Amino acid sequence: MTIITTLVTTAVMYAVWSSVYDAGASYGNYDFNAIILHSVLSMLILSLMWDDWDQRLSNAIYEGGLFKYILRPVNLFAYAIWWKAGSRAFAAIIETLPSFLILAAIFGFDFLTPAQPVALVASLILAFFYYLALSIFIGLTAFWLKKNDGFKWVMIPVRNVLAGVLIPLTFFPEIAQRIFFFLPFQYIYYVPSTAYIGNYSLTSWDVTIWDSIIIGYAELVIIGALLIYAWQQGIDNYEGVGV
Amino acid sequence: MTTWWQYIKIRCMERLQYPKDLTFFTIAFFLVQLTGPVFVLALYNTGASIPGWTQWELISLQGMFSITTGIAGTLYWGLVHQASSLVRDGRLELFRIRPVNTLWLLTMHVFNEEEIASLLGGITVLGVAATQLNVASQHLLLTAAYIIPGLLFLLAVAVLAASLHVYFIKVPMLAAILTDILDFSKFPREAFSLVNKTIISLSPLLLITHYPAKAFIGAPIDTNGFLITLTVCLALTTTAFTAWHHALESYDGAHG
Chain A
1 MTIITTLVTT AVMYAVWSSV YDAGASYGNY DFNAIILHSV LSMLILSLMW DDWDQRLSNA
61 IYEGGLFKYI LRPVNLFAYA IWWKAGSRAF AAIIETLPSF LILAAIFGFD FLTPAQPVAL
121 VASLILAFFY YLALSIFIGL TAFWLKKNDG FKWVMIPVRN VLAGVLIPLT FFPEIAQRIF
181 FFLPFQYIYY VPSTAYIGNY SLTSWDVTIW DSIIIGYAEL VIIGALLIYA WQQGIDNYEG
241 VGV
Chain B
1 MTTWWQYIKI RCMERLQYPK DLTFFTIAFF LVQLTGPVFV LALYNTGASI PGWTQWELIS
61 LQGMFSITTG IAGTLYWGLV HQASSLVRDG RLELFRIRPV NTLWLLTMHV FNEEEIASLL
121 GGITVLGVAA TQLNVASQHL LLTAAYIIPG LLFLLAVAVL AASLHVYFIK VPMLAAILTD
181 ILDFSKFPRE AFSLVNKTII SLSPLLLITH YPAKAFIGAP IDTNGFLITL TVCLALTTTA
241 FTAWHHALES YDGAHG
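Protein sequences appear in the order of chains A and B. Take the first sequence: its position 35, counted from the start at 1, is 35 in our numbering, and no numbers get skipped. Take the second sequence: its position 94, counted from the start at 1, is 94 in our numbering, and no numbers get skipped.
The hints are simulated quantities; they were obtained by calculation from the structure and are not laboratory data. Be a bit skeptical, because a hint or two may be false.
Stated by the list, open to error - Cut-off 30 Å, straight-line C-alpha distance, at most; resulting in silico cross-link-like pairs (DSSO-like, lysine-lysine):
id, chain 1, residue 1, chain 2, residue 2
1, A, Lys146, A, Lys68
2, B, Lys20, A, Lys147
3, B, Lys170, A, Lys152
4, A, Lys152, A, Lys68
5, A, Lys146, B, Lys20
6, B, Lys20, A, Lys68
7, A, Lys146, B, Lys9
8, B, Lys9, B, Lys20
9, B, Lys9, A, Lys147
10, A, Lys152, B, Lys9
11, A, Lys152, B, Lys20
12, A, Lys68, A, Lys147
As the list claims (entries may be wrong) - Cβ-to-Cβ under 10 Å is the rule here; a few derived chain A residues that face chain B:
id, residue
13, Thr9
14, Ala11
15, Ala15
16, Ala25
17, Gly28
18, Asp149
19, Gly150
20, Trp153
21, Val154
22, Val161
23, Pro168
24, Leu169
Computed from a predicted structure; not experimentally measured. No residue lacks a Cβ here, since even glycine has one placed at the ideal position from N, Cα and C.
Take these sequences, add in the hints, and give me the full structure.
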């Protein structure tokens, strides 16, 4: 499915960006090739990062089946990390790699060569954890909301705008970029995609991609601690009755 | 119609059992409609543009997309998913044995109250665009008339997709692919390059947003182009309902 939807969405965005970009034009630090790469990568990176822990946790809390996770002799968060690692490794082979090869056949391998490979790997690891943290955060809201499908749906457009999936973050006004810089969403997509393209920039501040990645890892520790705290608070009040 | 109204009331009462969830769903569907205008505002903020369309004209087109797909989503777009689920579970018989037209019964069943928020989001976006563009009231009536063929096209696509689900039982990618193809209609014909423009000009996708948006902003409408896409749309609608009829005849309840 990823392959077909990637091709259709790429066709739409290619057509639209072709009409927007005159020869040699550059907007928000993106020339035509970079913006096409942005559209292509948005689908590849999100398919590589996807997980359904928001749904799994929500269902388990809502239906009273959370005990199956609590009773296991393994920490839930560690279980989620390894489950996702296995699932995404498999998806990389059957979804992301074929999509990448098809797109490479269309656009050329030179076009699809990462500009900053080391930063890309570091930022993909970061994206892996941030996406999972967001999923777990959404899942944990079921402790307080009971049924949280609506909240999950709210987070999709929010994530797509704030992570730069919809349009690169540098297209927004300076004040918005400064807010985006301090939010964790840029690590889900914008940082890895710009590591690939090699044009990381956010705000008028002199910040390199490595500065951003280091800040991202530091923020991740804080977010992890907050999630553990939220989990403990939720478990303390959890009755497991199911609804 | 009475049965349909009863069904709508029951659906709404069910959803009100979880008011917080319903509130979040409403916010979510509303927010999704704002992503199009956010895209346009960010795009024009950098000085880029789509030829022939100002920022607020393009935002009105995005609002038009939300309104058309919001109406279709509320009333019948769920046919795409519902047919798949019923056929795969072998439960379509429950609809066929009742003394009511099966397609009509299914349509009643797929009423989706969440999509009303999409419609409201679209109306909000269009309302803001209208104040920026000083839209005349007669243009609003014309816009309403131009939306109808777009709704007919979406109905034809939904019925055709439902028919394909009945024929082939397992077509899991169909809904996602159709949704992606609809993305073409989030942009005007001018957004596509010369080769694509020829294909797009024949496509009824233009009926969803392009022509209603042109009517809304009071721009001249290419009558020949409109009639061509309308003809394609009517042909597709006939094909869709014929396909549905044959699909039901060939249905054997084997599921899978």
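Now for the hints, and whether the structure bears them out:
1. A:Lys146 - A:Lys68: The given pair, whose Cα atoms are some 18 Å apart, holds under the 30 Å limit.
2. B:Lys20 - A:Lys147: 8 Å, holds
3. B:Lys170 - A:Lys152: 27 Å, holds
4. A:Lys152 - A:Lys68: Answer holds: A:Lys152 to A:Lys68 is near 23 Å, not above 30 Å.
5. A:Lys146 - B:Lys20: 9 Å, holds
6. B:Lys20 - A:Lys68: 27 Å, holds
7. A:Lys146 - B:Lys9: Cα-Cα ~23 Å, so holds.
8. B:Lys9 - B:Lys20: The hint holds at about 19 Å.
9. B:Lys9 - A:Lys147: 21 Å, holds
10. A:Lys152 - B:Lys9: Between A:Lys152 and B:Lys9 the Cα gap is close to 25 Å, so the pair holds against 30 Å.
11. A:Lys152 - B:Lys20: With Cα atoms ~12 Å apart, A:Lys152 and B:Lys20 stay inside 30 Å; holds.
12. A:Lys68 - A:Lys147: 19 Å, holds
13. Thr9: 6 Å, holds
14. Ala11: Given a least distance of 8 Å, the restraint on A:Ala11 holds.
15. Ala15: 5 Å, holds
16. Ala25: 7 Å, holds
17. Gly28: This hint holds: A:Gly28 lies near chain B, its Cβ roughly 5 Å from the closest one there, short of 10 Å.
18. Asp149: OK, holds: A:Asp149 within 10 Å of chain B, min 6 Å.
19. Gly150: Holds. Min distance 3 Å.
20. Trp153: A:Trp153 check passes; min Cβ-Cβ to chain B is 4 Å, inside 10 Å.
21. Val154: Holds, because the Cβ-Cβ distance from A:Val154 to chain B comes to roughly 4 Å (cut-off 10 Å).
22. Val161: It holds, given that the least Cβ distance between A:Val161 and chain B is near 6 Å, below 10 Å.
23. Pro168: 8 Å, holds
24. Leu169: 9 Å, holds
Every hint, counting from the list given before, is met by this structure.
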